[in-house]
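Novice: We have chain B; now place chain H onto it with these hints.
If you read the sequences in order, they're chains B and H.
Sequential numbering from 39 applies to the first sequence in my numbering.
Sequential numbering from 39 applies to the second sequence in my numbering.
Honestly, I wouldn't trust all of these hints.
Chain copies aren't distinguished; within one or between two, either way the pair holds.
To be verified - No farther apart than 20 Å at their CA atoms in a straight line, the calculated lysine to any residue pairs in the SDA-like style are these:
id: 1; residue 1: 725; residue 2: 691
id: 2; residue 1: 342; residue 2: 302
id: 3; residue 1: 342; residue 2: 307
id: 4; residue 1: 425; residue 2: 290
id: 5; residue 1: 747; residue 2: 196
id: 6; residue 1: 732; residue 2: 710
Simulated from the structure, these hints should not be mistaken for laboratory data.
2 protein chains.
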Amino acid sequence: MAAATSSLSHAFLSGSTTTHRSPHQPPHRLALTKKTRVAPSLSISRVGSHAAAIRAAAETLNKVDAGLVDKSVNTIRFLSIDAVEKANSGHPGLPMGCAPVGHVLYDEVMRYNPKNPYWFNRDRFVLSAGHGCMLQYALLHLAGYDSVKEEDLKAFRQWGSKTPGHPENFETPGVEVTTGPLGQGIANAVGLALAEKHLAARFNKPDNEIVDHYTYAILGDGCQMEGISNEACSLAAHWGLGKLIAFYDDNHISIDGDTEIAFTESVDTRFEGLGWHVIWVKNGNTGYDDIRAAIKEAKAVKDKPTLIKVTTTIGYGSPNKANSYSVHGSALGAKEVDATRKNLGWPYEPFHVPDDVKEHWSRHVPDGAALEAEWNAKFVDYEKKYKEEAVELKSLINGELPAGWEKALPTYTPDSPADATRNLSQQCLNALAKIIPGLLGGSADLASSNMTLLKMFGDFQKDAPEERNVRFGVREHSMGAICNGIALHCPGLIPYCATFFVFTDYMRAAMRLSALCEAGVIYVMTHDSIGLGEDGPTHQPIEHLSSFRAMPNILMLRPADGNETAGAYKVAVLNRKRPSVLALSRQKLPNLPGSSIAGVEKGGYVISDNSVGNKPDVILIGTGSELEIAAKAGDELRKDGKTVRVVSLVCWELFDEQSDAYKESVLPAAVSARVSIEAGSTFGWGKIVGSKGKAIGIDRFGASAPAGKIYREFGITAEAVIEAAKALC
Amino acid sequence: MAAATSSLSHAFLSGSTTTHRSPHQPPHRLALTKKTRVAPSLSISRVGSHAAAIRAAAETLNKVDAGLVDKSVNTIRFLSIDAVEKANSGHPGLPMGCAPVGHVLYDEVMRYNPKNPYWFNRDRFVLSAGHGCMLQYALLHLAGYDSVKEEDLKAFRQWGSKTPGHPENFETPGVEVTTGPLGQGIANAVGLALAEKHLAARFNKPDNEIVDHYTYAILGDGCQMEGISNEACSLAAHWGLGKLIAFYDDNHISIDGDTEIAFTESVDTRFEGLGWHVIWVKNGNTGYDDIRAAIKEAKAVKDKPTLIKVTTTIGYGSPNKANSYSVHGSALGAKEVDATRKNLGWPYEPFHVPDDVKEHWSRHVPDGAALEAEWNAKFVDYEKKYKEEAVELKSLINGELPAGWEKALPTYTPDSPADATRNLSQQCLNALAKIIPGLLGGSADLASSNMTLLKMFGDFQKDAPEERNVRFGVREHSMGAICNGIALHCPGLIPYCATFFVFTDYMRAAMRLSALCEAGVIYVMTHDSIGLGEDGPTHQPIEHLSSFRAMPNILMLRPADGNETAGAYKVAVLNRKRPSVLALSRQKLPNLPGSSIAGVEKGGYVISDNSVGNKPDVILIGTGSELEIAAKAGDELRKDGKTVRVVSLVCWELFDEQSDAYKESVLPAAVSARVSIEAGSTFGWGKIVGSKGKAIGIDRFGASAPAGKIYREFGITAEAVIEAAKALC
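Same shape as in the complex, but just chain B (with noise of 0.2 Å):
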């Protein structure tokens, strides 16, 4: 039992019922945000008296009832199978073999306060295998979240429920990221645990470790399966992300049937392979005590991450069912109910969770405000001694931007020299890296051609964690996944990352979810175009500025010259709860007359007009480096007595949102007269110019030569522009 002692006593502390904040609020607002709600009571010395209570919290655990245990892994189970039965849809399998690691680590070893689920220096915990949620939802009712109650176990996978189908961060609080693509979890885990290494390495000081948490994940065989895991486990060993402990949950099923059809790795020697610390606890269905050990060994190891592969059976418990697919992703039915009933001794009725074991669970919402109360005490005492380091750190905590940040932001004339959008890019992340505590991030190998490069900072590695330039290696997808799990440990964390914009496609899953999950993160899209020249078709997007035009939730941006790039950035710094891609050259592109920052938010605007009464002969669409060609389209089409309206489409998402007036400002219904260029793909193009107009783009392969070469070949031109126009009005 001492396995499990030294984090255990923390939940056995008892003191301050201080309310919290609703978990409903945004998570932007925490507690820390207004002093009062810091208990002024506590202090190190309060601290010191805990330490006996702890103590005989641990005494009294050891006596805890092996049967009560029993008891509470039978509810998490019966929980798990009620719901899913109830719904006639789920994934009963994974939450009735991994019961036992899910109560260990919510009843014995995690620190978290159940009535905030955003305290900021709660343990977090991803189930990356999502599917199995209703284990997480489980234990979150059992533990007295708000967000997860009885209720809501019994609306599992309906309309407008606290508890979907796959773990959605968004829909219940306590869940800290959204999984169920597999493998996405444990990259964002990955992400959680680095945030905490850099902000302790930031804010730790030897008399007061301010921060200080665990990242704790279940993945199952399906996530080991995916690339994306085992990009970022590399990375995890790469960064030594001691503090990250993920539970591998060794059923040997899959959908398919016995994974021996398809997975036949020696998983243990891969991670060792990978540089992670390996343990084996075989017995995962009643071996609590080795669960307990495993953690403890897990801990001790400071320099590694550690992979505790738990050999369980799916489905335990089901006579009939268990250790088959079958278990894996439907209800059991009523008849296999029943009999699982019977099986593990369970008289009880659905979703019934019985007394003892209410009780044994109900000290979490005293202790979790009890842990928190006292490290608001240790922020207190933090903040008395190091104030400047607490504003940042409560400015991270809480999200909040420091005043007057955009003015930090460069701006350009067009006699500034022409530059290609990738360094403008660079020039504002190292302008807002300045202002803005929490920007960090990095690329996937590319950095000196995403110039992504922070110049005040270092790398951050294993050695250096408190450095803010990531090197992700050659992994964007776990690259994506990585920066979902940063920007959702804490809202003022906003990391950024970059490839060239063609390799989206390796990272859309995560991508994706960004857009889903609400995570802000700036994707550094540079090498936007044919325009990148010699690397050819397999490096040249074509279809990717439309792609994510289609996605829901997230902000494509495609900056045309300098002002447009600040402008971008200041977008995607703002937006905190949809992610932004900006799309820029690798070739250089003038200052235009006409652009602002301004402008790019509003998502399209004017950039040069001849004409009177909102009623041009002609409008030219363009985006990104096709901007100047519009406008120098524009400059002839005038030469020749024509009127003429030239436009930037840089963020098609807020244009839609701008109201109809101001829409109407832009892009008069009146005028069909309509050419846009962007060398990408026309699809989506059709509803902007309308049925007359003329969307000139790229519906085919790029090819390898010269930039210059290409756009020629290709009739990205100005001429193609002047003639559309031309034949149109």
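Specialist: This is chain H only, laid out in the frame that chain B set:
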């Protein structure tokens, strides 16, 4: 030297100089199609006489001046240096470091015929680290391939050249697959090796191993970091692909600098964990004998793929840039080129191949012809003894579909029972597998959800490689890339693969490469909308239809019922040079009056109409599961006296390719009252419904609830269509 003898021997065979097909012909018609091309004089005894030649040749080789090998290797280095220098663009570092491996492979080990790059039984080579393509171009040039003449080397990375910035199979005969996006190539190589093992198991006889070749690959640190390569290599070992030999160019440098900054795992240990045989060649720069010995050892290990880690110096020979990232992706510059010439003792002009090197390599043209002729003779022998098998193998080599194959497709009437298109898809797959010998594939651990099992076959496994159900495990990305390799192995192999439609996000990079490299993979993507219900927004595709419609050279098909599913398979099987994506429902759908295979072939067609003169009051347009809704709405509107046309727009790409007259007959320009309905993003529909029409769809993420509930809540209903239609007409 003995190491390489066994395979080298073949390269020294001299023999027939039969004229072979031009490599510029499409690969679909191979020498075998015309029996006359099989050199009739070759026979088993002739092969016997070759044995003596082999021994003599081996002895000759042993006497080959070691200096000549150095010279050949330096030729490869300088052709690469010179081409990159002339283009002022490209990656000299890898070719300079890997020239020794390249030399040993192409000059000593591999069996190929330069004048017929599509000879069926050739060894396959994949440069997974595709940026180093000058290595491959230099080797193809030396070996005598017509695709890479001196002028092609001089046109490296220029418009219209055969030597693009990354290897492209569709541009350069001799290049097997398209690489550059890292990690894809090794997964393609796994596909090629799978194809060999599968065909060998099906067709080889104790007295005639008609299918018998190796697959070689070179991968770099970047490939190793990508998750896709771990997925693919896990499968390669699971399947026991003993004839896959991969060289890991262990040069410690990636674009951002020393791999120490992001890649410190033990690759050796990881591969041992995956189940590979691992060999380390410590001196890859000059250790020719070690490379040879490693290959010999690799070939001796029959039940495991082998990773040969070759430690090299990137940019070997460059006195000031070797072993640094600066030599990875930029021209050396005139000064350093001179210094390198001096350092390696290379007095020649750019692009010069010394006479003795030329002479040494010149044997590959006659030897290659002899190898093919010898194999052709073997085939004649095979044909005599195993008539039936020979016919089938020929059809696989030539890609000829059996006459009348399409008659195997099931057809349906409105009286056929309602069914999910995923089930109808399984009916098609099983019907086709009976008649098409090259159809094989499987799912990413969702076979029972995707409905992809071929009932008459078992699982393709290490010890059952003749079977056709491939179990990919939860490895979508490598699944796609492996299928690309299978498709490009020979024209008659038609791989399909499956997962939930939303998880195309995991494999999009591989799917884009299917499109680019003209691999006719069939992507069976089920659970294609919110109609999947309770699994919720992580599993519900929204933007995916749009995102594939925007991608070049890929067919996005969304069939509505049985006939349309059959039509989708007809299209997919016929399109051998572009991949098809089939979006299929989880939920049951009725068989609609008016649906047809022929309609699908046109991409869009009228399924019902009560108007005359091509002027309905309103056109309702649907796809997949929403075509039923459009049809219902049409019925209701007709009851109200409207003339209504209902159109199925099952494949936009095919519809776009129809004549203007046909398109006008389906969507007449004069009818602006158009309503579309699709349970996905409306992005892109603007062009179809026009500025006056209405697109009903979903521009937000989905939700977790029973499908019917979500459809109603999201307004994907006949009522919504009727209301929109009434507002328009």
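Novice: Which of the numbered hints are not met once you compare them with the structure shown?
Specialist: Hint 4 contradicted; others consistent.
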